[in-house]
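Given chain A's structure and the hints, the job is docking chain B onto it.
First to last, the sequence lines map onto chains A and B. End of the first sequence = 321 in this note's numbering, gap-free, step of one. End of the second sequence = 321 in this note's numbering, gap-free, step of one.
I should point out that these hints are in silico values taken from the structure, not numbers from a laboratory. One or more hints might be untrue.
Same chains, same label: a pair holds when it works inside one copy or across any pair of copies.
For lysine-lysine, the following DSBU-like pairs were computed, each having C-alpha atoms within a straight-line distance of at most 35 Å [to be verified]:
#1 Lys213 to Lys101
#2 Lys313 to Lys185
#3 Lys132 to Lys101
#4 Lys213 to Lys305
#5 Lys245 to Lys157
#6 Lys311 to Lys213
#7 Lys132 to Lys106
#8 Lys213 to Lys106
#9 Lys268 to Lys161
#10 Lys101 to Lys185
#11 Lys156 to Lys313
#12 Lys106 to Lys156
#13 Lys311 to Lys268
#14 Lys247 to Lys159
#15 Lys132 to Lys156
#16 Lys313 to Lys247
#17 Lys313 to Lys101
#18 Lys185 to Lys29
#19 Lys69 to Lys29
#20 Lys106 to Lys45
#21 Lys213 to Lys185
#22 Lys213 to Lys247
#23 Lys159 to Lys213
#24 Lys185 to Lys106
From a predicted model like this one, the values you see are computed outputs, not experimental measurements.
Number of protein chains: 2
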Amino acid sequence: MRLLVALGGNAIKQAHEEGTPEEQFANCKTTTTLMAEIVSRMSEKDRLIITHGNGPQAGNLLVQQDVGKDHVPPQTMDIVGAMTQGQIGYMLQQTLLNFLKDRGLKVPVAAVVNQVLVNEDDPEFFGDAASKPVGNFLTEEEAKQLQREHPEYIVKKVKPKGERAWRRTVPSPDPIANIGSEGIKRMVDAGIIVIASGGGGIPVVLDENGHYKGVEAVIDKDLAGERLAEVVNADVFLILTDVEKAKLNFGKPNEEEVGAITLSEARKYLAGGHFLAGSMGPKVKACIRFLEWGGKKAIITSLDKAVEALKDKTGTRIIPG
Amino acid sequence: MRLLVALGGNAIKQAHEEGTPEEQFANCKTTTTLMAEIVSRMSEKDRLIITHGNGPQAGNLLVQQDVGKDHVPPQTMDIVGAMTQGQIGYMLQQTLLNFLKDRGLKVPVAAVVNQVLVNEDDPEFFGDAASKPVGNFLTEEEAKQLQREHPEYIVKKVKPKGERAWRRTVPSPDPIANIGSEGIKRMVDAGIIVIASGGGGIPVVLDENGHYKGVEAVIDKDLAGERLAEVVNADVFLILTDVEKAKLNFGKPNEEEVGAITLSEARKYLAGGHFLAGSMGPKVKACIRFLEWGGKKAIITSLDKAVEALKDKTGTRIIPG
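With the rest of the complex left out, here is chain A (with noise of 0.2 Å):
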């Protein structure tokens, strides 16, 4: 069984922290203890890759290339996306090899630093489209001053009321694949647990020439994990979030929470509306894709449920049918 975990923002950094080095750690703890406990129920012939979100990491750093600007020059998004895959790369590997050391279990764990292909062309590039808020939340005078400053920028109101409601928001293109994917089979098939795609991957075009170019925008993590998915041809791909079972009628008085479903009713509930855009949606969208490339089973629960969820026992399960 191959296996694809894809970490949700608090498996890193938790909504209400500030993102010291040591809550970040206490947080990876957490997640790889679990994935160690995984590894340990793995045989020899299984694998499992990691991928995880960055938002939190990336709106800090762009906090501090702000506030810096006047003495060092800021780095672009893609760039920004590649520190944080270092960042949060060498904290899931440190922490994981830890745990399965304690259990002698000696499997190399390699983080790598890698690009996905988006296209040019994407709507999420044109107008005001662009739908992946970053950074901090800003007063609307802060956000006029952010505007005048960088007139490139997509700076919107975010939230119908509040005095911080807006926000710099950069396009979210779709993922098409993943670069340097030959790379990454060999490493999985050489039998490493591989850390890659993280924060959605680093987002780059083809230009011209046919050369990779970073880009000015942050990739869906889950929807990115997907086309990693189909690279080290994964059976399974678990989405760990902040909840149990995704949920029918989100919000609503016949709120439902959904189980064991089939690939044919997963495209009914996410035409139908039921999932919201930027949080349960790509998710349901990104199993969707995944079961159509022809994978076995996707999992959409949370962290502490992640185990009795490979069992079949809880969490959003979509299958072929």
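Frame of chain A, contents of chain B only:
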């Protein structure tokens, strides 16, 4: 032939530059054009492994973290190292992949985030022995203020004169082993061009539970590169810096360039104090270690002379004997 190349700081950011994304990508292109040229001359059994410095990038990030410290918690040196591995690993990987594509070469490239083990009893961790300056040059007043804010820092006068003669210095412990070496070895064996141990690797020690734990330190990238060369079973270790050859009696009237020398000659020159500590010294030391381990040839030269040096036409070349 397995070749490990250690790239100096000027391969990514030149001393007079600020470090904008454009500048850094331009430098990376100059560097990786050459790497692609080297790959194009290799046979299918040959391997290229790349390591690199991170001084300017880590310095810039430390400044951003310090200026932004009232908004975002600064990360520790181990995490800073990991972030620069992501940043530089991305830029080198992207530009190298593009040049390989231009030449029709389909060799996978992977940049990995990886740790290097040091000894917590290393003399660099004690008293004010720390020898690696990081971050900006400071005035005496700024140095005193930094010391007041961070009593745990070692802030030193690093130049005999000049207004800005003070800097924070951190321990630069001797690298013992590359962690994750089994994974890196499997990747190289599988035909992947691996970029690893960037910035000397993320410095970690073993704690009382036998767990890896990050430390506030910076490992010399050439000494760490030598440990990586052992892991990947390199035949040739090529250190690229800003001079074509090392020099005897450096800075004196009888200064003399070093061409092809034996291991025992190299040992004699190093012991004779011919090479600057923190500059040519560790490079020659790394070459000596490489030959003592069993390497066939170590070369120190400049980026633009690399191809000629590999043909034995220039550079300081150290061989067994």
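**Prompt:** Hints broken by the structure, by number, lowest first?
**Reply:** 11, 12 and 22
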